[in-house]
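Here's the letter readout for the chains.
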Amino acid sequence: MAHIDLKNDLPGIRGLMAFDPQAADALNGLANVLLCRESSLTKGEREMIATYVSSLNDCLFCQSVHGAVASAHLEDTDGDLIKQVKSNFAEAPISAKMKALLGIASRVQRGGKMVAHRQILDAIAEGATDQEIHDTVLIAAAFCMFNRYVDGLGTWAPEDQQIYKDRAPGIVEGGYTHPGQNT
Amino acid sequence: MPHISLEEHLPGITGLLEYRLDTAYPIRDLTQILLRGESTLTQAERELIATVVSAGNECKFCTAAHTAAADILLGECNTTQMVLQDLENAPVSDKMKVLLQIARNVQVSGKRVSPEIIEKAKTLGATDLEIHDTVLIASLFCLYNKYVDGLASITPSDPAFYQTLGNKIVNQGYLRSPQLIKKP
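In the order they appear, the protein sequences are chains F and V.
So for the first sequence, our numbering puts the first residue at 213; every next one is plus one.
So for the second sequence, our numbering puts the first residue at 3; every next one is plus one.
None of these hints come from the bench; they were simulated from the model.
Glycine is no exception: its CB is placed at the ideal position from the N, C-alpha and C atoms.
Do not take every clue at face value.
To be verified - Simulated restraints, written as ranges between beta carbons of each label pair: (1) F:Asp290 x V:Gln83: 54 to 62 Å; (2) V:Gln87 x F:Met213: 34 to 42 Å; (3) F:Glu338 x V:Glu118: 41 to 49 Å; (4) F:Gln393 x V:Ala162: 42 to 50 Å.
Claimed, not checked - Here are the simulated DSSO-like cross-link-like pairs (lysine-lysine), alpha carbons at most 27 Å apart as the crow flies: (5) V:Lys185 x F:Lys219; (6) V:Lys122 x F:Lys325; (7) V:Lys62 x V:Lys170; (8) V:Lys97 x F:Lys219; (9) F:Lys219 x F:Lys298; (10) F:Lys325 x V:Lys97; (11) F:Lys295 x V:Lys113; (12) V:Lys122 x V:Lys97; (13) V:Lys124 x F:Lys219; (14) F:Lys325 x F:Lys219; (15) V:Lys99 x V:Lys124; (16) V:Lys184 x V:Lys62; (17) V:Lys184 x F:Lys219; (18) V:Lys170 x V:Lys185; (19) F:Lys298 x V:Lys113; (20) V:Lys113 x F:Lys377; (21) F:Lys298 x F:Lys309.
To be verified - With the C-beta cut set under 7 Å, the calculated list includes, among others, these residues of chain V facing chain F: (22) Ser7; (23) Glu9; (24) Glu10; (25) His11; (26) Ile74; (27) Ile119; (28) Ile120; (29) Leu126; (30) His134; (31) Val137; (32) Ser141; (33) Cys144; (34) Leu145; (35) Asp151; (36) Ile156; (37) Thr157.
Make the full structure from the sequences, and use the hints.
Next up, the structure:
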């Protein structure tokens, strides 16, 4: 049960967004620009960063939603790729650039100052642009916000992964919205 | 030196928010809603939440900027210093002390917020909305702190810089304004 009376039974951030639709507009606006707008990082790659950071923060709701969306974008039908990224991305079948960016994201999760200049140079050597490095840091920082909002207010999250998988096509199609929003 | 190429006259968060305007817009909007919107928490109280979280994340730029804003709103510097150094004896209400402790827990991890501390806040008169806003402000400043330091943006050492920035965010708020970003 959530720490406060949300006046709804929705799980995770959906319950919070129904509680505070004004903040929800800004939060979904940020998620849509970072994750759904066209960018040189694919949507699957950006959702992978969001999923990885959420798993480092041990946020079940966020890593399940974004993991399912990442898998949908990446044709990772059984979810094995995302599982591998979460458990040990260095050995996962992803590009060297993505490994460098996930390394940066993991440091942002621990603390902004933990990002080493060496990691930035490695990412650049693997072809990462300034904008891709910026977006990686901001996605990681943003999910440190989303994860804290979701868990800091004690929201509940379904255990059944199929529930998240069923929601993924709607997000792939229409982006991030909140309950009651007209889209 | 920042990890990416930013406008040299815009240190800290200011250059990052100009680097990508489409991401800056919802971040500014959320900040304006939470720190300047209608609330039963005063603007100074909300700036104190931003300050303790930034200090917990050791983000010098954000700590100095929001300390300046809180000091201007309070008309003195003692409260913010006490909140940062000795919260138990700081001249703020008991409710605020618990909300600031919740913010510090959020800074470490969302999972650190216990049902007991929430109960304590409610007993001292905190409303659900105040608890919600405290957690979301604390979460938002984790975004800011990690964004500012994760890209190694410049942290000015001159206290006058933060005084000017504090005045701007108190008087003009957090939405983008040409005055905030103009070249000196």
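Holds or violated: is the Cβ of Thr157 of chain V closer than 7 Å to a Cβ in chain F? violated, 11 Å
Straight-line alpha-carbon gap Lys184 of chain V to Lys219 of chain F, limit 27 Å: violated, 45 Å
Hint consistency between Lys99 of chain V and Lys124 of chain V [alpha-carbon to alpha-carbon, up to 27 Å]: holds, 12 Å
Pair hint Lys122 of chain V and Lys325 of chain F, alpha-carbon separation not exceeding 27 Å: Measuring from Cα to Cα gives roughly 33 Å; hence the hint is violated.
For the range 34 to 42 Å, tell me whether the beta carbons of Gln87 of chain V and Met213 of chain F fit it or not. Once the Cβ atoms are compared, 36 Å apart, the range 34 to 42 Å for Met213 of chain F and Gln87 of chain V holds.
Closer than 7 Å between Cβ atoms is the bar; does Asp151 of chain V clear it against chain F? Give me holds or violated. holds, 3 Å
Quick check on His134 of chain V please, does its C-beta sit within 7 Å of some C-beta on chain F? This interface hint holds because 6 Å falls under the 7 Å limit.
What's the verdict on Lys325 of chain F and Lys219 of chain F, does the C-alpha distance respect the 27 Å limit or exceed it? violated, 39 Å
For the pair supplied as a hint, Lys295 of chain F and Lys113 of chain V, confirm whether the alpha-carbon distance does not exceed 27 Å. holds, 22 Å
With chain F as the partner, please determine if His11 of chain V meets the hint condition of a C-beta pair closer than 7 Å. violated, 18 Å
Does Lys185 of chain V sit within 27 Å of Lys170 of chain V, going by the straight-line distance between their CA atoms? holds, 15 Å
Hinted pair Lys113 of chain V and Lys377 of chain F, Cα distance within 27 Å: Holds, at about 25 Å.
Checked against the numbered hints given earlier, this structure breaks hints 5, 6, 9, 10, 14, 17, 23, 24, 25, 26, 27, 29, 36 and 37; the rest are met.
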